[in-house]
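4 protein chains.
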Amino acid sequence: MKFGIVGAGRIGRVHAQSIQQAISGSSVVAITDVIKKSAETAAAEFGIPKVYDSYEDLVKDPEVDAVLVCSSTDTHATVAIAAANAKKHVFCEKPVDLSVEKILAVKEAVNKNGVKLQVGFNRRFDHNFSRIKELSDSGELGKIEMIKITSRDPAPPPIEYVKVSGGIFTDMTIHDFDMACFQAGCPVTEVYAKGAVLVDKAIGEAGDIDTALITLTFENGVIGLIDNSRRAAYGYDQRLEVFGSKGAAVAENDKPTTVTVLTEKTVSSDKPLYFFLERYMKSFTDEIKAFIDSVENNKPTLVDIDDGLRPILIAQAAKKSLDENRPVKVEKF
Amino acid sequence: MKFGIVGAGRIGRVHAQSIQQAISGSSVVAITDVIKKSAETAAAEFGIPKVYDSYEDLVKDPEVDAVLVCSSTDTHATVAIAAANAKKHVFCEKPVDLSVEKILAVKEAVNKNGVKLQVGFNRRFDHNFSRIKELSDSGELGKIEMIKITSRDPAPPPIEYVKVSGGIFTDMTIHDFDMACFQAGCPVTEVYAKGAVLVDKAIGEAGDIDTALITLTFENGVIGLIDNSRRAAYGYDQRLEVFGSKGAAVAENDKPTTVTVLTEKTVSSDKPLYFFLERYMKSFTDEIKAFIDSVENNKPTLVDIDDGLRPILIAQAAKKSLDENRPVKVEKF
Amino acid sequence: MKFGIVGAGRIGRVHAQSIQQAISGSSVVAITDVIKKSAETAAAEFGIPKVYDSYEDLVKDPEVDAVLVCSSTDTHATVAIAAANAKKHVFCEKPVDLSVEKILAVKEAVNKNGVKLQVGFNRRFDHNFSRIKELSDSGELGKIEMIKITSRDPAPPPIEYVKVSGGIFTDMTIHDFDMACFQAGCPVTEVYAKGAVLVDKAIGEAGDIDTALITLTFENGVIGLIDNSRRAAYGYDQRLEVFGSKGAAVAENDKPTTVTVLTEKTVSSDKPLYFFLERYMKSFTDEIKAFIDSVENNKPTLVDIDDGLRPILIAQAAKKSLDENRPVKVEKF
Amino acid sequence: MKFGIVGAGRIGRVHAQSIQQAISGSSVVAITDVIKKSAETAAAEFGIPKVYDSYEDLVKDPEVDAVLVCSSTDTHATVAIAAANAKKHVFCEKPVDLSVEKILAVKEAVNKNGVKLQVGFNRRFDHNFSRIKELSDSGELGKIEMIKITSRDPAPPPIEYVKVSGGIFTDMTIHDFDMACFQAGCPVTEVYAKGAVLVDKAIGEAGDIDTALITLTFENGVIGLIDNSRRAAYGYDQRLEVFGSKGAAVAENDKPTTVTVLTEKTVSSDKPLYFFLERYMKSFTDEIKAFIDSVENNKPTLVDIDDGLRPILIAQAAKKSLDENRPVKVEKF
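Residue numbers (the numbering used here), protein chains in the order written: chain A, 1383 to 1715; chain B, 1383 to 1715; chain C, 1383 to 1715; chain D, 1383 to 1715.
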C-alpha cells in the first residue's frame, strides 16, 4: 500500500518512520506540509520520493492509495474530506475535529466515496491495554463493572500551547475518553468532571485546569473514572484497571529495564518510560498495520469515524460539567 | 492499664485477644455483653476475670481504667457517655453513631469529664497507609494534589445485614472517608457519589447500592476519589495512591507469601489477604497501643471525637448526592 | 503443655514470648540460665513462675512436660540427654552439636526414653519456604531438578564471635543445608564449596570465610546451590528458587510495607525485613505449635534428630571441600 | 556503512532485518549462502541488491565495507580471515571457533590487516544487563563480590543438533561465560562444573548434559555462578544478579505486557518473552550500531577477538571439570 502524508510535524514523522522501516510491503510515496522545508527534510530522512506543495496536489496523486492526515487539528476535516473525495482511504489523526458538524461532514464524505477511514487513537493498540480488552472480551473477568484510567503527563505543555489547545478534555483526556469507550464496548451517557488548578497557576489564568477526576456512566450500567494531571514528577503515568464480576485486570506502566538496585538506603527501580513517543511507539506502528489490513481485506476499520466523534461529545459534556459543577448527559448522535 | 470491654462480638474479641496477648503491661479485667453467654465464652478464652451483667455495672468497676465500646452501633453513644460520666477513658468503635447530635453528645460528655476518647478507625494504623501519611508529612511528595482509595470487600454481607446497615456509605465507605481525611489532613467540603447495583439485585431492592465511585473535594484544594465494591472475586482490595507535586506513593495489597509459581500456563502469585481480620490485625493492636500511650502520657488521642464525626457528615452528603445525582456540600461543624 | 526453658538468651526469650503470648493452651512454667539474673529477668517479663538454679533441677520438675534447650551450643547435647532421661520431651535449638557422636548420643537417649525431640530449624516453618515445599509435594512443579538458596546476613557478627563460631558452615550455612535437605526431601551426597574473604579481612585472619558458593548433589540426582555472604548492604536476603520439570517456584524477600514511592529521581520501595527476628518471628511460633501437635497427638516431629545430624555432616564435608578445593562426599550414617 | 552478509540462516536474517529497517545510514549490499536459494530469498525479502555464489566473491566486492560472518560455526574463522585479508571489517558470530588456534589465527589476520573485528555476544547490549554493568562501573554497588547468572532455554534443541553442538558449554553456556567476564571486567581463572541429565535421557546418551551449575573464580577474587537448563516450562529464563560491598543489582525477565489478572483462583501475569529472538531482538540491533560506531570513529570494538577467545577457554575448563569432577584452572593466553 502506498501512503501520502499531509503534515510533516512530529506525528507525521512518526508515521513516516513506521511505514518506511517497520512495515514491510508498504511505503510512503508522497508528503506535504504548509512549511515546505519540513516536508523536504522528512522526505530526505525517510526516503519519500515526492514532496507536494499542497494537500490538494497530494490527494490527486494516482499512486497514493491512502492519505495520512497529520496536519494541525483545525485542518483535519478539510484534508480528510478532500482525500475521500479523491477516492483515497483516510487515516486521520485525533481529534478529527472539535466540531461535531465537521466530523459528521467527514463521515458523509467517507461513506459517499466508499473509502475506509481510521482515527488515530493509537492507545487501543497498546500491548497492555489491548491485552485487557481481550481478557474482557474472553469473559475471563465476567461482566464488567468498573473501569479506571490513570493518565498523567510528565510535564505540562508550554503555556502558549495550553491557550490554544481547546482545553485539557479535548487535548489530553480525549485519549482517555476513547480508551473508556473501547474498554467498555459501550457509549458513555453521562459525565461528571471535577477539576483543579494545582500544577501551574498560569494554566488557570488561561482558562484551563491541570488536574481532573472524571466520573463516567456507560449505557450498560458500567461506571468509570479517569484521573488526569498535566504533571507527574516520576514520568508518564498510563495505567488501566478493569473490574468485572469474576475478576480484575490491571496494567502497570512500562519501564526501560527490569533492573532493581538494592543499597543500604533503598530498593529502587526504573521510572516509567518518559512520554508518549517512548511508551506508545509500537502502537503507532500497529495501528497502521491494522489500517492496512482493513483496506486490503475490505474489513471495517478498528477505529471508525463514530469512534472519532464519541470522545468529542464526551469532552463537550465534561467541559459543561466542570463549568456548572453537575453531572451532564452526553449528547446522542 | 486495665480495660473493660462492652460487647463480646467479633471486634470485642479482636481487642480482647490483642490486649491479653500482644500488649504487655495492659490487661482486660472485665467484659459484658447483652448475650451473657458470649461474654462468658470470651472471658474464659482470653482469661478475663470479671463478667458483668450490664455495661452500667462494668463502667462503675473501680479497677477499670478505660472502656472499649464494642457493642452494636446504636448503643455506642449511650455506653460511651456512661463510661465518660464514670470518669473512664473511652475507646469507641466506629461509627460512633449515625446521628450528628448523638456524636456531639458524646463529645460533650468526654470534654466535661476530662477523659480521653479514641475512635476505632484502625486503618490509620495500618503499616502501608501510615507509611504513606509519613511520606506526605515529610514533604517528600511535595504539595499533595490527589488521593485515590480503592476499597473492595471480597463478598457482600448477608442481605439481612444490608437491610439494617444504614447503607454502604456509613457501613463500608465510612472507613474510606476517614482515610481520605487522614491522608489529606484537611476536611472534605463537597462530595459527588455515583453508585450502581451491579453485584446483587437484592441489594438494590433493599434500597442500597453495591458499587460506587465517590469524588471528594477538600478544603485545601486537593481532590480525591474512592472506589468501592461489595464484591471482589480475588479477595479484599485495599489500596491507596497519593499524588503530590514532587512525586507519588502507592500502597499495594498485602499477600500471605512472596511466592511466584511459573508454569507452562502462567506466572501466578498469591491473592491478597482475604478480609479485614487478616489484613488489618496488626492495626487493631497498634491503635490500642496508641490509645494507651495517649492516656498514660496525657496526649491527645490520634483519632478524636471530631474524627468520628467527620466521616458521618461526608456519608450523609454522599447519600444525598447519590439520591439527587449532584455534588453536595458537606455540612460544617 | 507446660514448658521449661534452659537458657534465657535471645532465642530462649523468643520462645518464652511465643508460648506465653501467641500459643493458647500452653505455657512456660520454669526457666534457668547459667547467669541467674537473665533467667529472673525473663521470668518477670514473660510471667514464668519458677526460676531454677540449674538445668538438672529444671528437668526434674514434674510439672514440666517438655524442655526447650536454648543454652550455648556446646551444652545442647548434655541438657537434651538429661531432659530425655527425665522423660521430658525435648525441643533443641540448632545445631544439636558440632560432634556427630554427641548427636547420636542424644538420639540414643531420646529413643531409649520414648520421648519426642524436635530440632529448631525454624525456617522450614517460614510461610514462603513451606509454601514452596507444599507446591513441590503437590506435583505442581513436576520432578524437582534444581534448588537455589540465597542466604545473606545484613552484617557480620562481632569478630570475637566469629573466632569461636566454628566457621560459617556450622554457624550460618547450617540453616541453608537443612533447607536444602527439606526442599529436596533427600540427603546430600556430595558438596563443593568455594569461599572467599571479601567482606572483612579480620574474618580471614580468624581462619574463616565470609562469602561462599556451595554446590550440592543430592541422592536423587537433584543439584543445588547455596550462596552466602556475611554482609548485604540492603539487609537480610533470604530467597529460594526450586526448579522442576513442569515449572519453578520463587520466594522473594518479605518487606515491611508494600509502599512504592515515585519521584523525579527514582521509584523506590522498602528494603527486606532487617534480620532473622523480624523475618522469621512467626516461624518460631509455628515450629513450637508443630512440636506441641507432635507430642499431644503422638506423631513424629517434623524436624527429628536425624534432621539435626544431616546438616552437620554436610557442613563437615563443605569445610573439607573448601580446605582441599575439591568436591567431597558427605558421610553416610 | 555497507555490509555483506555470509550466511542467510536465522542469525544472518536477523542482522539483515536490523540493518535494512532499524539502522539508518547503513545498508546490506550483498549476501551469500551455501544454499543459494536461502540467499536469494533473504535478498528479496530485505531488499539486498547483490547475491554472490561464494563468500570469496563477496569479500572482494569493493562496495562492501564490512562482512557479517553468520555461516556455520566451523567456517567462521575461514570466512573472517578471508574478509580481513580483503581489508574488510569483520563482525563475527559466536563462537568464533571451538579451537583456540583458529581464533588466534583470526586475531593475527585482523591485526595484520588493521581492520576492526567484533564478536556477536549480543547480550552485552541487552538493556537490562548493560544497565547493571553501568551500575557496577559507576561504583554504586561498591566493590563487586559475586555474580549470579540464570540462563535457561524454554526447550532443548532437536537431539540431532545436540549431537553435533559441541556440548552445552560451547553451545549454550558460552553466552553466560561471556556475560560473567563482561560483568566482572576480569578473566576467570578457575571453574567447577556440576552437571546432570534431568531433562531428556537422549541428551545424556548423546554424551551431553542438560542441567548445570558452574562455579567461577575470577582473577580479582570475585566468585560467580551460572545455572543452566535446556528446558524451562515457563519460557526463556535470563536473569542476572550482581552483589557488591555497597549493594546489589538484580535483572528480572522481560515480559510482553505488564498486565496482572486477578481472579477467584489466582493472581497471574505474563510468562517471560519466549526465546532469544523475542528477548534479545533489540540487542542484535544495538551491537551492530556499536560496531558501526567503532569502525566509523576508529574506536576499539566493544567485544574484541580476545573476548571471543576467553569463553572458549572457560568452556574447555568446564568440560574437563565436569569429566573429572574437580575444579580446573582456565588456560591463560
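Everything labelled a hint here was simulated from the structure, so no lab data went into it. Don't take each hint at face value.
When chains are identical, the list treats them as one kind, so a pair holds in a single copy or across two.
In silico lysine to aspartate or glutamate, DMTMM-like type, Cα no more than 20 Å apart, as pairs [said to hold, decoys possible]:
1) K1647 with E1490
2) K1637 with D1582
3) K1525 with E1483
4) K1714 with E1660
5) K1702 with E1572
6) K1515 with E1706
7) K1664 with D1636
8) K1384 with D1636
9) K1583 with D1705
10) K1628 with E1646
11) K1419 with D1688
12) K1384 with E1427
13) K1545 with D1519
14) K1637 with D1705
15) K1469 with E1516
16) K1702 with D1668
17) K1432 with D1447
18) K1702 with E1438
19) K1494 with E1542
20) K1714 with E1601
Quantities reported herein were computed from a predicted structural model and do not represent experimental measurements.
Each hint, compared with the structure:
Taking the shortest alpha-carbon separations for K1647 and E1490, neither the intra-copy value of 62 Å nor the inter-copy value of 48 Å comes in at or below 20 Å. Proximity of K1637 to D1582 under the C-alpha cut-off of 20 Å is found in neither arrangement, the shortest distances being 27 Å within a copy and 37 Å between copies. For the identical chains of this complex, K1525 and E1483 are neighbours neither inside a copy (35 Å) nor across copies (42 Å), given an alpha-carbon limit of 20 Å. For the identical chains of this complex, K1714 and E1660 are neighbours neither inside a copy (36 Å) nor across copies (45 Å), given an alpha-carbon limit of 20 Å.
In this homomeric assembly, K1702 and E1572 come within 20 Å of each other (Cα to Cα) both inside a single copy, at 11 Å, and across copies, at 18 Å. For a Cα distance limit of 20 Å, the shortest separation of K1515 from E1706 qualifies neither inside one copy, at 34 Å, nor across copies, at 33 Å. Taking the shortest Cα distances, K1664 and D1636 sit within 20 Å of each other both inside one copy (12 Å) and across copies (16 Å). For a Cα distance limit of 20 Å, the shortest separation of K1384 from D1636 qualifies neither inside one copy, at 32 Å, nor across copies, at 35 Å.
In this homomeric assembly, K1583 and D1705 come within 20 Å of each other (Cα to Cα) only inside a single copy, at 18 Å, whereas the closest approach across copies is 35 Å. Taking the shortest Cα distances, K1628 and E1646 sit within 20 Å of each other only across copies (7 Å), while inside one copy they are farther apart (42 Å). For the identical chains of this complex, K1419 and D1688 are neighbours neither inside a copy (35 Å) nor across copies (49 Å), given an alpha-carbon limit of 20 Å. Taking CA atoms no more than 20 Å apart as the test, K1384 paired with E1427 passes in both settings, with 18 Å inside one copy and 18 Å between copies.
Taking identical chains as interchangeable, the C-alpha atoms of K1545 and D1519 are never at most 20 Å apart, the minima being 40 Å within one chain and 35 Å between chains. Taking the shortest Cα distances, K1637 and D1705 never come within 20 Å of each other, neither inside one copy (37 Å) nor across copies (43 Å). Neither within a single protomer nor between protomers do K1469 and E1516 lie at most 20 Å apart by alpha-carbon distance, with minima of 34 Å and 54 Å respectively. Taking identical chains as interchangeable, the C-alpha atoms of K1702 and D1668 are never at most 20 Å apart, the minima being 35 Å within one chain and 47 Å between chains.
With identical chains, the CA atoms of K1432 and D1447 are at most 20 Å apart within one copy only, with a shortest distance of 14 Å there and 30 Å across copies. For a Cα distance limit of 20 Å, the shortest separation of K1702 from E1438 qualifies neither inside one copy, at 37 Å, nor across copies, at 57 Å. Proximity of K1494 and E1542 under a CA criterion of 20 Å is satisfied in neither setting, with 39 Å inside one chain copy and 60 Å between copies. Within a single copy, K1714 and E1601 get their C-alpha atoms as close as 11 Å, which meets the 20 Å cut-off; across copies the closest is 36 Å, which misses it.
Checked against the numbered hints given earlier, the structure breaks hints 1, 2, 3, 4, 6, 8, 11, 13, 14, 15, 16, 18 and 19 and satisfies all the rest.
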